[in-house]
Structure formats: C-alpha cells, structure tokens
Amino acid sequence: MTAIYSIFGRISETIEKLAAIHRLLPWILAFALLLPLPQILSALFNDYYIYLANKICIFILLSVGLNIVKGFCGQVTVGHVGLYAIGAVSSALISLHFGWSFWLAFPIGILAAGLAGIVVGLPSVRLEGAYLALATLGLGESVRIMIAVTPLFGSSTGLLSIPAPTIGSFTFDSYTNYYYLVLAAAMIGIYLSFSILRSATGRAFMAVREDTVAAAVHGVNVTKYKLLAFVISALYAGAAGGLFAHMPPGYIHHNNFTIIEMVTLLLMIVLGGIGHIWGGIIGAIIVTIIYDQTLEFYFYQPLLFGLTMVLIVIFMPRGIGGMIDRYLATKKFIASQEEKSNAAS
Amino acid sequence: MDFDFSSLFAFLLFGVTIGVVYGIVALGISLIYSGLDIVHFAHGEIYMFGAFFGLVFSHTMGFPYPVALLLAMVCAAVLGMGIERVFYRRLTKGGGGYTVAGMGMIICGFGMSIVLMNIAFLIWGAAAEPFPVDLGMPFQLGDITLPKSYALTAVVAVLLMAALHYFLKKTKLGLAVRAVAANKDIAYLMGINVPMMISLIFGLACGIAAAAGVLIGPMQSVQVEMGYLMLLKAFAAAVVGGFGSLPGAIAGGIVVGIAENLGAAYISPNHKDIYAFLLLILVLMIKPSGLFGIVARVKA
Numbered sequence: 001m002t003a004i005y006s007i008f009g010r011i012s013e014t015i016e017k018l019a020a021i022h023r024l025l026p027w028i029l030a031f032a033l034l035l036p037l038p039q040i041l042s043a044l045f046n047d048y049y050i051y052l053a054n055k056i057c058i059f060i061l062l063s064v065g066l067n068i069v070k071g072f073c074g075q076v077t078v079g080h081v082g083l084y085a086i087g088a089v090s091s092a093l094i095s096l097h098f099g100w101s102f103w104l105a106f107p108i109g110i111l112a113a114g115l116a117g118i119v120v121g122l123p124s125v126r127l128e129g130a131y132l133a134l135a136t137l138g139l140g141e142s143v144r145i146m147i148a149v150t151p152l153f154g155s156s157t158g159l160l161s162i163p164a165p166t167i168g169s170f171t172f173d174s175y176t177n178y179y180y181l182v183l184a185a186a187m188i189g190i191y192l193s194f195s196i197l198r199s200a201t202g203r204a205f206m207a208v209r210e211d212t213v214a215a216a217v218h219g220v221n222v223t224k225y226k227l228l229a230f231v232i233s234a235l236y237a238g239a240a241g242g243l244f245a246h247m248p249p250g251y252i253h254h255n256n257f258t259i260i261e262m263v264t265l266l267l268m269i270v271l272g273g274i275g276h277i278w279g280g281i282i283g284a285i286i287v288t289i290i291y292d293q294t295l296e297f298y299f300y301q302p303l304l305f306g307l308t309m310v311l312i313v314i315f316m317p318r319g320i321g322g323m324i325d326r327y328l329a330t331k332k333f334i335a336s337q338e339e340k341s342n343a344a345s
Numbered sequence: 001m002d003f004d005f006s007s008l009f010a011f012l013l014f015g016v017t018i019g020v021v022y023g024i025v026a027l028g029i030s031l032i033y034s035g036l037d038i039v040h041f042a043h044g045e046i047y048m049f050g051a052f053f054g055l056v057f058s059h060t061m062g063f064p065y066p067v068a069l070l071l072a073m074v075c076a077a078v079l080g081m082g083i084e085r086v087f088y089r090r091l092t093k094g095g096g097g098y099t100v101a102g103m104g105m106i107i108c109g110f111g112m113s114i115v116l117m118n119i120a121f122l123i124w125g126a127a128a129e130p131f132p133v134d135l136g137m138p139f140q141l142g143d144i145t146l147p148k149s150y151a152l153t154a155v156v157a158v159l160l161m162a163a164l165h166y167f168l169k170k171t172k173l174g175l176a177v178r179a180v181a182a183n184k185d186i187a188y189l190m191g192i193n194v195p196m197m198i199s200l201i202f203g204l205a206c207g208i209a210a211a212a213g214v215l216i217g218p219m220q221s222v223q224v225e226m227g228y229l230m231l232l233k234a235f236a237a238a239v240v241g242g243f244g245s246l247p248g249a250i251a252g253g254i255v256v257g258i259a260e261n262l263g264a265a266y267i268s269p270n271h272k273d274i275y276a277f278l279l280l281i282l283v284l285m286i287k288p289s290g291l292f293g294i295v296a297r298v299k300a
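Protein chains in written order, with our numbering: chain A, 1 to 345; chain B, 1 to 300.
Hints are computed from structural coordinates only; laboratory data are not their basis.
Mixed in with the good hints, there may be bad ones.
As the list claims (entries may be wrong) - Here are some chain B residues pointing at chain A (derived, C-beta under 8 Å):
{"hint": "1", "residue": "Ile123"}
{"hint": "2", "residue": "Trp124"}
{"hint": "3", "residue": "Phe235"}
{"hint": "4", "residue": "Leu262"}
{"hint": "5", "residue": "Tyr266"}
{"hint": "6", "residue": "Leu284"}
Cβ coordinates follow ideal geometry from the N, Cα and C atoms, glycine included.
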C-alpha cells in the first residue's frame, strides 16, 4: 500500500517540477507517453484492449465532466447518461442525415447537450438542490425512452454506420487510430477541468458547494454558478457522447444509455472521491476495466456496483482521491516536523 | 375529425385511477421528504417489492386479496425500516437535510435502488408476471366499462389518505412525527425518541408504497422494471402537487395520470412514459411551488 502511495507522491512531485518550467509541459509529455499505448497493448495482450483504452478515455471525459457539477459545485445529478445520449444521437444524426463531417457534427452534438442542460437545469437549480437530482433522473430515463421509441433516433435497431472522422486522407476508422482522437479529447478535457478549478469560476463553484448563503453574501450569483457548472458538465457529456457515436464501428443503441451505465458513471466519481479530479480519472479507469471484465456475470453487475457504491458512500466518503490526499498531507506534515526538530537540535 | 366525448371521459377516468396510484407512491416520498429533508431514490423499488410481496401472498400462499394487501404493506414496511436502519441511518446521523450528507444520501439511495432491483430480478426473473384478481364483474357507467380493481384503487387510496391524515393530525404519535419533521433537535429535547420516529416515517412511507404496488397489480402486470418508471412519475406527481405536501401528492398524481392518459390517447402512445417528465419540467418552470406546496427556494 505504501509503495503505491509513494509512487503517487513521486509522480506529483515530478509533475510540479515540470509545470514550473511551462504549465503545458506535463500535459504534452503525458500525451507523448500515452500515444504508443495501442501498440504496447496489442503486443502484450490483444487488440480488444485497444477498444477498452478507447472506452476508458471516453469515460474519463464523462467522469471529469460529472465531477465539475458534483464535486466542484456540490449539485447532485443522476441522469448524466441522458446528456451523453443526446450528444451521441444528435452528432450521429447530423452526420448521417445531412452528411456533414464529424468536425461539424461533433460541436453541434456538444451544443445540443448543453442546450438540454440549460432546459433541465434552469428551472431546477433555482430551487433547492434535490430538484436537480429529480429532474435529471427524469431526463436520463426520458431520453432513453425517447430514443427507444422514435424511429428517427434509431428505436430498436439503433443507428448504424455512423461515419468515422477524417483529417485529410487520415481516417480514424480503427480502434488504434481512434485512440489518438479520444486520448487528445480526454487530455484536453482534463486540462480544461484543472483550469476551471483554478479560475475564479472554480472558486465560485466551491464557495457554492461549501455554503450557498455565505457564497451569496460574498457576491457570488448562486443560481448562475450552479447552472454554469451543470451546463459545463453537460458539454463534457455531449463531447463524450459524440466521440462514442463516431467510434468504430459507428453504432449506437438505446441500450448504451441505460441505468447501469449511469451507475457505473456514478461509481467512478464516488470511488475516486467526489470533487477530486485525479480520483475521478482513477475511478473511471478502474470501473471501466471491472465493468468489462465482469461482463459474463452481467446479471450480478448491478448488485456488485450498487452495493459498492452504497458501502463507499457510508464507509469511505472521500474515496480513493481522499486517501491519496490524506497520505500526501501526512507525509508533508511529518517532513516539516522533522525539519523543525533538525533545526532545533 | 370527430370528437368522441365518451372516450375522452373514459381516458379521464382511467387517468384518475392510475393517477391515484402515482399519488399514493408520491405520498410516501413526500412523507419522507417532509420528515427527513431527504429524497428517497429507492422508493420505486420498495413499491416494486410490495407488488411482488402481494403476488407471493395472494397467489403462492393463497391469502385473500385484502389480507395479501395488508401483509405486503407490513413486509415492505419492515424492509424499508431495515434498509433505513442499516444503511441510511449512518448517513443521516451526520446531519440530514440537503448538505454533503444529502448528496451522499441521494447517491446511497440510487445505489440501493439498483441493488434492490437486481435482487428482485434474481429472485423473480425479468418476465412480467400477471397478477389476476377476481373481483367480480366490471361496473357499467354508460358506455364505459370500469373494472372493479380501478374502483377499489380509488377507495383504498382515499382510505389510506384519511388514515394517514388522522394519524398525523389526531394522535399523539402523529404529533411526535410532525415535531420531528419540524425540528429534530428540539424534538429530542422534548423527550421524543427521534430515531424511532424516523424509522416509523420510513416504515409508513414504504408500507404505503407497497399498497400502491399491490393495487396496480391487477391493472398492469408485475415486473422488475416497474419501480424505476414509477419513481419518476411519483416524483413528477410530488412536484406537481408541491413537494412535501400530502394532499398535493394525491392531486399531483391525478394530474400526472390524466396528462399521461390524454397524451397517450391524442398525441402518441409510444411516448407515454415521457409526459410525466415534460410535466415535471413545465411545472418547475412555471410554478415551482406546485399546486399546494410552499416555495422551497434556498435562501440565497
């Protein structure tokens, strides 16, 4: 256990050192390091794991987005998968029916998810927080039913052969090629989420989370920031949905957006630690892998995930991210104490 | 296009009866919300379990329907109290209400609902189980045939409502429950056993949900996935009626039921399950306090 902790400590120290040179440097380095992952995976295991890497990147994007509204701003949403579905379906529909390229359809999908976020979020966040949870629960299930019963959105057959994105003559039509796209998207998403956390907006979010009344007294427009957090996370969900829709083989079905997807998504955040960006990413990686490895026990999966979620909320409310944070803080404290005693003697 | 008034009347009537069932579930949700300031996300699954309990008691064990109804209510109440004792108590102890504990509570309830749904699936399977109850010939109201189960639902709902009202407003125990709902700390100081009252609130709410499940059994079949959609509609009913208001819950349920039936009849039957959500958003936009509610605006 300590070995894992010290690895995390070492990594965060290195990142700090690199960031001191230029703040984008660690990101570029991480991107370069992760770029040959498909080749490594196909050499070590088989090509299936490249697909898993794609999926992990998409879920990282989702979990980072969900963390903004849940972790930073303290608003509960349980229907995020609905926004994900809206992003996926609108992006897919635009490229299928109008024949527009991915680079046009993808932003429109993101905007559609953001718009849905405003429509649902605006009436709910003005009221007490529980209303957002209720409205998003409705959104998640209604969107899935809407997709399931409307022929235009694919109904029972799903949407087939959604075109893969292209740049010039390069097509992202295999999992290996698509990995470069989703990796870049996940990286940009994580970077933006850190930027938001550092900015005045991020501080306003956290003020709203800690105490709405105190935040309002200090001149934070509570409603505006609650809505903003929700819409930003909706944009993230729309982006993840668009990337999912165009992923080869370019097929989406309403079964991709069920309640079990919502549970895995929630579990990522809860396991990683609510409000902890790295925790959310670790949670996304762990949960996606477990979800995929336990697919043969499909019938028991909700039981496993639901029970894990309940137990984590009760016994480990800070999640993995909280544990790492606590370890690092303790270590720093011990080091400072030792320094003090050395100076004294 | 010719307009058939008698069929409109039939849709309204069916909407009202199905809406009463939504209202009963919403009653439980409102009760928990007004007592504990938390939203119980596993309530739909309690309702589903209630329906299955009723099915087991009346068909497998052969109890008459009213006895099965009561037994299912008791079983679901015990189940709900057990869940509250084992899981939710640890979270609400740290301070209920919509705080960080409230967020944990919602996530915990959501997880619990998945777990309960999966357990029911493992026990009873995914197939829709018919729940036939022989209540005799249907009523004839002009052109409309009204099955007796619909009338029974309305009667039981009114009885439940009256009993709950009597309990809360006229008995000493009900006074204690209302005191806990108003302020837990002061209730403690007045010598009320607050944890016991919270258990009682949960038990009552879950028992009521089970009654709804057993009542809807003869109208629709019983299946594992019924809880999730019911939760959605009951929430919509609670919001339409005003969150935390008990008569509002029933009224909201009726509005949702009518809207759903009229929408299914005149707009599109495929999208039937979405109208409740649209109504929810519409009410939140136009009149967030609902029909009978107090505005639950955060003071900020």
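Hints, one by one, checked against the model:
1. Interface restraint check: B:Ile123 against chain A, minimum CB-CB distance 12 Å, threshold 8 Å, status violated.
2. This hint is violated: B:Trp124 has a C-beta 13 Å from the nearest C-beta of chain A, more than the 8 Å allowed.
3. The criterion of a C-beta within 8 Å of any C-beta in chain A is met by B:Phe235, whose closest approach is roughly 5 Å, and the hint holds.
4. Among the interface hints, the one on B:Leu262 is violated; its C-beta lies about 18 Å from the nearest C-beta in chain A, farther than the 8 Å criterion.
5. Evaluation of the B:Tyr266 hint against chain A yields a violated restraint, the C-beta minimum of about 17 Å exceeding 8 Å.
6. The interface hint given for B:Leu284 is met, as the beta carbon of that residue sits about 4 Å from the closest beta carbon of chain A, less than 8 Å.
Checked against the numbered hints above, the structure breaks hints 1, 2, 4, 5 and satisfies the rest.
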